[in-house]
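Residue numbers (the numbering used here), protein chains in the order written: chain R, 1 to 115; chain V, 1 to 114.
The set of hints was computed from the structure by calculation and includes no laboratory data.
Wrong hints could be hidden among the right ones.
[Stated by the list, open to error] Facing chain V, from chain R, some residues (calculated, C-beta under 7 angstroms): (1) L38; (2) G42; (3) F45; (4) Y48; (5) D56; (6) F106; (7) E108; (8) G109.
[Stated by the list, open to error] Simulated crosslink set (DSS-like; lysine-lysine; CA at most 27 angstroms straight-line): (9) K109/V x K44/R; (10) K62/R x K27/R; (11) K62/R x K44/R; (12) K113/V x K70/V; (13) K113/V x K44/R; (14) K27/R x K44/R; (15) K44/R x K3/V; (16) K70/V x K62/R; (17) K73/V x K44/R.
A virtual CB, placed ideally from N, CA and C, is assigned to each residue, including glycine.
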Amino acid sequence: NAGVMQNPRHLVRRRGQEARLRCSPMKGHSHVYWYRQLPEEGLKFMVYLQKENIIDESGMPKERFSAEFPKEGPSILRIQQVVRGDSAAYFCASSSRGNIGNTIYFGEGSWLTVV
Amino acid sequence: AQKITQTQPGMFVQEKEAVTLDCTYDTSDPSYGLFWYKQPSSGEMIFLIYQGSYDQQNATEGRYSLNFQKARKSANLVISASQLGDSAMYFCAVYMDSNYQLIWGAGTKLIIKP
Numbered sequence: 001n002a003g004v005m006q007n008p009r010h011l012v013r014r015r016g017q018e019a020r021l022r023c024s025p026m027k028g029h030s031h032v033y034w035y036r037q038l039p040e041e042g043l044k045f046m047v048y049l050q051k052e053n054i055i056d057e058s059g060m061p062k063e064r065f066s067a068e069f070p071k072e073g074p075s076i077l078r079i080q081q082v083v084r085g086d087s088a089a090y091f092c093a094s095s096s097r098g099n100i101g102n103t104i105y106f107g108e109g110s111w112l113t114v115v
Numbered sequence: 001a002q003k004i005t006q007t008q009p010g011m012f013v014q015e016k017e018a019v020t021l022d023c024t025y026d027t028s029d030p031s032y033g034l035f036w037y038k039q040p041s042s043g044e045m046i047f048l049i050y051q052g053s054y055d056q057q058n059a060t061e062g063r064y065s066l067n068f069q070k071a072r073k074s075a076n077l078v079i080s081a082s083q084l085g086d087s088a089m090y091f092c093a094v095y096m097d098s099n100y101q102l103i104w105g106a107g108t109k110l111i112i113k114p
């Protein structure tokens, strides 16, 4: 029973390139959340998605960032024209329902470094 | 706005001693959940313990227990008999049923000394 799978684990991009981070939720989970962790800080909410729908993107920067969770395949967090300030760890979490209770599971994170 | 405060940026503790990591939260939601996570140097986020706001008893998971004081809005993590492998960052987070977000504290860096 695989947990939340994120890839790549580490990604290096030059300024101006695009970064794509993938997240496969736990089997049976249809709710996906993306969080960002800047160095020496706690996680910050970015976006909450269900299959084919964005439920809440209030934590997502308005420009260059987008997220999707298609009917088939993993959730994708896409960052266009990356800048140094995008360097962070990006965590994906999944749950089987929106009211998570204690049923939220995190992936191991994807570390983006912009050079 | 909801807020989580972890007042201890860093702690040094002797091996085998008990440790208390502080966490206070600010929410007006009647229903919420409190989480503690451990983040070792390898970076993954490891779930430790959960407490629901309506749970009558304090949560326990092995060497971890949560000292939940609802009126004070406090949810301190207690680690009994600390081990060298407990050295890590520890994060407190709160989930409100009114939104879909986990709100995180800034973390406490715990170092266990041999």
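| query | Does the interface hint hold: is F45/R within less than 7 angstroms of chain V, judged Cβ to Cβ? | reply | 4 angstroms, holds
| query | Keeping to a limit of 27 angstroms between CA atoms, is the pair of K62/R and K44/R held or broken? | reply | Holds - the C-alpha atoms of K44/R and K62/R are around 15 angstroms apart, at most 27 angstroms.
| message | For a C-alpha distance cap of 27 angstroms, please report whether K62/R and K27/R respect it. | response | 31 angstroms, violated
| Agreement of hint G109/R with chain V interface, Cβ distance less than 7 angstroms | Because about 5 angstroms separates G109/R from the closest Cβ in chain V, which is inside the 7 angstroms limit, the hint holds.
| said: Does K44/R sit within 27 angstroms of K27/R, going by the straight-line distance between their CA atoms? | reply: Between K27/R and K44/R the Cα gap is close to 25 angstroms, so the pair holds against 27 angstroms.
| query | Do the alpha carbons of K109/V and K44/R lie within 27 angstroms of each other, as the hint requires? | reply | Answer holds: K109/V to K44/R is near 18 angstroms, not above 27 angstroms.
| request: For the hint on F106/R, just tell me whether its beta-carbon gets within less than 7 angstroms of chain V. | output: 4 angstroms, holds
| Does the alpha-carbon distance linking K113/V and K44/R stay inside the 27 angstroms limit? | This hinted pair is violated, its Cα atoms lying about 31 angstroms apart.
| query | Is the hint on Y48/R kept, meaning its closest Cβ partner in chain V is under 7 angstroms away? | reply | OK, holds: Y48/R within 7 angstroms of chain V, min 4 angstroms.
| When the nearest CB of chain V is found for E108/R, is that gap smaller than 7 angstroms? | OK, holds: E108/R within 7 angstroms of chain V, min 4 angstroms.
| Does the CB of G42/R sit less than 7 angstroms away from some CB of chain V? | 3 angstroms, holds
| Close enough to count: is the Cβ of D56/R nearer than 7 angstroms to one in chain V? | 5 angstroms, holds
Hint compliance for this structure: hints 1, 10, 12, 13, 16 are not met, and every other hint is.
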